[in-house]
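Turn these sequences into a full structure, and let the hints guide you.
Number of protein chains: 2
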Amino acid sequence: MIDQEELRDCYTSTPSKIVLLVVDGLGGLAHPDTRLSELETAHIPNLDAMAQESACGLTTPVLPGVAPGSGPGHLALFGYDPLKHMIGRGALEALGIDVALQPGDIAARGNFCLVDGDGLLVDRRAGRIPTQLSAPLCERLDKIEIDGVQLDVFPVQDYRFVLRLRGEGLSEFISETDPQVTAAAPLTVKPLAPGATRTAALVNEFVAQAGKLLAEEERANMVLLRGFARLPDLPPMGEVYRLNTAGIAAYPMYRGLAEVAGMKVIPTGHTFGDEVETLRQNFNNHDFFFIHYKPADAAGEDGDFDAKVKCLEDLDPFIPQIRELEPDVFLVAGDHSTPAIMAAHSWHPVPFMLHSKLTRGEGVPGFNERTCAQGSVGSILATQVMLLAMSHAGKLNKYGP
Amino acid sequence: MIDQEELRDCYTSTPSKIVLLVVDGLGGLAHPDTRLSELETAHIPNLDAMAQESACGLTTPVLPGVAPGSGPGHLALFGYDPLKHMIGRGALEALGIDVALQPGDIAARGNFCLVDGDGLLVDRRAGRIPTQLSAPLCERLDKIEIDGVQLDVFPVQDYRFVLRLRGEGLSEFISETDPQVTAAAPLTVKPLAPGATRTAALVNEFVAQAGKLLAEEERANMVLLRGFARLPDLPPMGEVYRLNTAGIAAYPMYRGLAEVAGMKVIPTGHTFGDEVETLRQNFNNHDFFFIHYKPADAAGEDGDFDAKVKCLEDLDPFIPQIRELEPDVFLVAGDHSTPAIMAAHSWHPVPFMLHSKLTRGEGVPGFNERTCAQGSVGSILATQVMLLAMSHAGKLNKYGP
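Quick note, the sequences are listed as chains A and B, same order.
Per the working numbering, the first sequence starts with residue 1203, numbered consecutively.
Per the working numbering, the second sequence starts with residue 1203, numbered consecutively.
Treat the hints loosely; a few may be bogus.
[To be verified] Below 27 Å or equal to it, Euclidean Cα-Cα: the simulated DSSO-like pairs (lysine-lysine) are: (1) K1600/A x K1496/B; (2) K1286/A x K1286/B; (3) K1600/A x K1392/B; (4) K1559/A x K1392/B.
[Unchecked claim] Chain A residues, not near chain B, derived (Cβ > 12 Å throughout): (5) G1369; (6) L1389; (7) A1402; (8) V1579.
[Claimed, not checked] Not close to chain A: a few residues of chain B, all C-beta gaps over 12 Å, as computed: (9) E1295; (10) A1302; (11) R1327; (12) R1330; (13) A1395; (14) N1406.
Hints in this document: simulated from the structure, not taken from any laboratory.
The beta carbon of each residue, even a glycine, is placed where N, CA and C say it ideally should be.
Next up, the structure:
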């Protein structure tokens, strides 16, 4: 939507305020015993009461049937077509640990791995060595120096790290080293586009030096690199929608996604309570706020139905705190569904509600997959959520005479 | 939809008849006291009974969140993508007062305005002078003659008029003269595309002469021009859908929109009763009828909830009169919502029902925003309404073997 040239002149700046609460992994599926979803099971009186007064619907993050990663799930809610704009794995991984990427920087997702005497892969994840073992190895790799490029290695968690390449004329269009199977040797990096030859050679040199530095290690004596990527160059959503945007997130990846969308990222603490307090303190300074709630997704990914229910219940008391700020438009949405019974992101349409003075107010009895399917918004693409936010805030003028 | 090349061969001509009743500004929002919308408040037994036997749904005129003008709202129902086809302000204004536009003609929306001794704007609308004052001024401007172009000035209402330029090689790609603020001088018209230089010069000359002719006027001594436009060159909907189309509308703008869509406009009277009588008399001569009901929108735009309720109640007795004609497909739709509490066009999805022998028949208790949100048609784009009309009329063959 953000590129919808025809609507560009319809966006208008006003003092009204929009709060977009993204509940990560919000949607779910029924528990086989109770036939109730996580939202239907949870005791969430404040979300339920808000749904009654809101316009409800379901959002499809990418396309029906397509489960998105965190990148596409959030970009869509911010108004960017996730099929046109992709944040590569390496760049997303960097965002996830607060590693700054400048224009031109290339980031890769790295794994420590184990190879045998012939250089063939024995374990692609080095037995999932814990961070306290991998972090010192990262420090060692970080010292590698190669002419013409600045190389930095950052530990992520367990066997994972980020490699950042900084310098002139680097290209992300190079092949990966992970053969995706064991008993094979790591692959040599090849250029995939004109102008990528030098970057491929630099990365091969890095891998060779890493192999030497790690040769004596028993559990992790080699590295695998994939997902070479730079940050996408997106038009700032604030510029397109004429908003003064702010992002508030306790987890670095979501701060990174806010930054990619051109938002001002406001420092906050480690809990959602901290985030709400940050929202309150900065409420006068912006007219659009993205605020992120992570725990529900994590519980869903763990396949822990009860834990996800609990996370939704933990969120509920914060709803009145946000409503007390009296935003003109308050949306509760999700970047994707994470049904506990799947223990993974899924493609199922995500419950969504928009509260403002200008909604029909469905009078539905609660906020969940079933009630939202009956809502007046119907089933929409997540990229259209910002249009609804803008119009309900009086920031989207009539199209055409 | 109308450009949907893939479906072109599926449309087939049959004797079956379609009536599309467009209730202008049909959708609404709840009254703050009763929590009931205009449709929910109105006593409309015939519409309610029809909904029970119909396929119901909600239409989105352009995109979720986007409030359309009358042009995009109608074009969408006729099957034209409103984001691809725009009727510019000047052309729509001309249609609204029955001013004929030929191919090549350019029309502009004109305002009388007031400037001070230095030529700076004091009032962009000349104190909204009444038509009886502006009409004689239009007659004066209409006498302006400039070589190489035929200029005509038509009064609209109050301070508004239409300027029509007719001649060879005119271009609508010229800038407007309205600076949109006071204490500034009207802008000089500039060409915005190659080949528009001469038109820009002609219009500047018109403005200069208008300024001289009006110089002694106390309330309206200058003009502002904007929205230079020609009629869009649309494929006639009758040709695409293989229909013999007719448009019946008491208000000129809607006759104009029917004409833009290539319909035969049948002369009618000033009331909806006249329109229904015209429909009856011509029912054997066409297989598609667009019939327009205006009052609900006007009441909504006035912000008069009770008046809009009354307008819907006034429409209701005509429903059986139309059904007595036994059209194979009878659709009741709206070009957009005009909630009285907003006193403006809005983006809210518009209730819609389609009656034919081939519908499921929802058995819903009434025709309104809430019941239609539960309907079997779901939430669709307004551009898809004609596809439903065609299929239910047996005029849309199976796609693909």
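Results for each hint:
Restraint check for K1600/A and K1496/B: the C-alpha separation of about 19 Å stays at or below 27 Å, so the hint holds. For the hint linking K1286/A to K1286/B, the alpha-carbon distance of about 20 Å falls within 27 Å, and the restraint holds. Among the hinted pairs, K1600/A with K1392/B is consistent with the structure: their alpha-carbon atoms are about 26 Å apart, no more than 27 Å. Of the pairs offered as hints, the one joining K1559/A and K1392/B is violated, with about 42 Å between alpha carbons and a cut-off of 27 Å exceeded.
Non-interface status of G1369/A relative to chain B is upheld: no Cβ of that chain comes within 12 Å, the nearest being about 43 Å off. For L1389/A, the shortest C-beta to C-beta distance to chain B comes to about 43 Å, beyond the 12 Å cut-off, and the non-interface label holds. For A1402/A, the shortest C-beta to C-beta distance to chain B comes to about 43 Å, beyond the 12 Å cut-off, and the non-interface label holds. Remark: the non-interface label on V1579/A conflicts with the geometry, its nearest Cβ contact in chain B lying 7 Å away (cut-off 12 Å).
Its closest Cβ contact with chain A, about 8 Å, brings E1295/B to no more than 12 Å, contrary to its assignment away from the interface. With 12 Å as the threshold on Cβ separation, the claim that A1302/B sits away from chain A holds: the shortest Cβ distance comes to roughly 19 Å. Look at R1327/B: its CB is around 17 Å from the nearest CB on chain A, clear of 12 Å, so calling it non-interface holds up. Even its closest Cβ contact with chain A, about 19 Å, leaves R1330/B beyond 12 Å, as expected for a residue assigned away from the interface.
Every beta carbon of chain A lies more than 12 Å from that of A1395/B, the smallest distance being close to 17 Å; the non-interface claim holds. Against chain A, the non-interface label of N1406/B holds: every CB pair exceeds 12 Å, the least being about 24 Å.
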